[in-house]
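Asker: These are the residues of each chain, in order.
There are 2 protein chains.
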Amino acid sequence: MSQQKPLILVSNDDGITAPGIRNLIEAVRSLGEVVVVAPDSPQSGMGHAVTISKPLRLNKTDIYGDILAYQCSGTPADCVKLAVDKVLHRKPDLMVSGINHGSNSSINVLYSGTMSAAMEAAIEGIPAVGFSLCDYAYDADFSLSAQVARKIAQNILDRGLPASTLLNVNIPKLVAHEFKGIKVCRQAVAKWKEDFDERVDPNGRKYYWLTGQFVNNDKGDDTDEWALANGYASVVPVHFDLTAHHAMPVLNSWDYSLS
Amino acid sequence: MSQQKPLILVSNDDGITAPGIRNLIEAVRSLGEVVVVAPDSPQSGMGHAVTISKPLRLNKTDIYGDILAYQCSGTPADCVKLAVDKVLHRKPDLMVSGINHGSNSSINVLYSGTMSAAMEAAIEGIPAVGFSLCDYAYDADFSLSAQVARKIAQNILDRGLPASTLLNVNIPKLVAHEFKGIKVCRQAVAKWKEDFDERVDPNGRKYYWLTGQFVNNDKGDDTDEWALANGYASVVPVHFDLTAHHAMPVLNSWDYSLS
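Heads up: the protein sequence lines correspond to chains G and D, in order. Going by our numbering, the first residue of the first sequence is number 1, and it counts up by one from there. Going by our numbering, the first residue of the second sequence is number 1001, and it counts up by one from there.
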C-alpha cells in the first residue's frame, strides 16, 4: 500500500485571489496534496467571526489550475468549518493560512482573520499556522515569506505541534541578505490607540473611519515585535484556552453572596 | 470637592434594543453613571471583528430615557473603540457587556461578540466583564442574571481586577431557589462539531447554513461547563496574551535554517 501524501488545507483572509495566498500555495504545493478554501472577498479584521445570520455560498474555481480550490462567501473561520465538513474527505495533516498582506504580530492576533482561520483549524485538531508579511502592499515581495512558510510547514509535517497549539508567524519586510533568521517569541504587550477619522457625508451627517496608531509598551527582547524590528521572523505559539489561571486565587477571595 | 460617581460603559452584541442589555442597564444603573454604546443590529458570532473597509455611524438614541445611549453601525469591538475615542470624556471605571441571549462558556468565548466588547475594553485598560444567560429566547427571564451581574459589577468597582484580565460570566437558566451560587472556573476544553445544513435555492444553486453540536470533552469539575450543568454561575478570568508559553521549549528545538 502506498503512503498517502500529506493533505494540506490553505486559506487566508485577504481573499482567494490575493498574491499572498498564491505565494503560499506555491510554497507548500510540493509538500503534499493542497486544497484551497478561501474567502471570495477580502475579510481583513474579521477576527474569529462566524456567519450565523445568513447562508453561505461555496463555489469551485479553477484559478489555481490543477489544485482543488473553492471560494466561500463567509469569513476565514467559516471557510475552515466548511472545508472540514463539506470539502475534505479526511482530516488534513496541516492547515496553512495567509500569507497575510500586513503584520499580525502582538495583539493583532485577536483581530486577524488569517489567524482565526488557523485557530479554527487548531480547534478541529489540525496542526495549523498563520503567516503574515509586514507589508500591506498588494505587490509586496513574498519571496522571503515563502521560504519561511515552507520551512515551518515542513517542520510541522515532520514533527507535529504540541497539543492545542498553533503558530503565529510574522515575516519582516526584508530581502534575503538582510534577514537574520527565525525566532521563537512571546506575544508583545501592545495595543492600538484609536483615532477615528470623523467626516461629514453629502447629506450633512457624520461618519467615522477606524484608524489608529500601534503602541508597543513592551521593552522585552523576547517578543514578536522585538524580533521583527531586529531582522527576524517571529514564531509565537498560540493557544485558545483564554483562562487567566493566575487570576483565580484573587477571584476566589471575593464575596459572591446574592442579597 | 465631591467624589465622581463611577463611570460605567455598557455594550452587547445582540443589539441596543435587546432585553438582555435593558436588564443589564437596570442592574448596574444605581452603581454609577451609565453610558450605553451598542450595535444598532444583532452582531452575534462576530468574534473580535473590527470594521475597516467601511465607515461607521454613531447615533444618539433616547430609548433608555435619561441614560446617555448611542447606537453604532459596527461590531461590538467597534462600539467600545468609538465609545473610548468619541463618546466618553474620561476612562470608564467599569465596562459591562451583555447580558447575552445564550451561553458564551468554554470555546464560545472566541466567537462571542459580547466577550469581544469586554476584551476590547480590557485591552484599553478598563476593568471589564461579559455576562451571558444560557437561554437563547428573546423573552428569557433575566432576573437571576441581573442579580449576578450587579454583584460582580460591585465587586469589580470595589476591588478592581488583576492586570490585563477580564471576566467571562455565564448564568444558568434557573430560577433563584434552584441556583447554587457563583463559582470561579477555568474554560472547559470543548468544541463545536460542524454540521452544515445544505439547501438548494430557487435557482437550483446550493447554499449552506452553519449549524453544529457542542461537544464537551472535558471531564473536570473545575470548568465553566461543569458549573453551569450543576446549578452554578461560572466566572472565568480571561486574558488576551495568547502565547502558549509551555510550547516554547519544543519549538526552540526545531531546525529553522533556510536552504
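Be careful, since some hints might not be right.
As the list claims (entries may be wrong) - Computed footprint of chain G on chain D, listed as stretches where at least three residues anywhere in the stretch have a Cβ under 8 Å from a Cβ of chain G: (1) 1044-1055; (2) 1080-1087; (3) 1096-1107.
Hints were generated in silico from the structure; no laboratory data involved. Since the structure is predicted, the reported quantities are computational estimates derived from the model, not experimental observations. Backbone N, C-alpha and C define an ideal beta-carbon position, used for all residues, glycine too.
Asker: The structure should be examined with respect to each hint, and the outcome stated for every one.
Answerer: A quick look at each hint next to the structure:
| no. | hint | result |
| --- | --- | --- |
| 1 | 1044-1055 | holds (count 11) |
| 2 | 1080-1087 | holds (count 5) |
| 3 | 1096-1107 | violated (count 1) |
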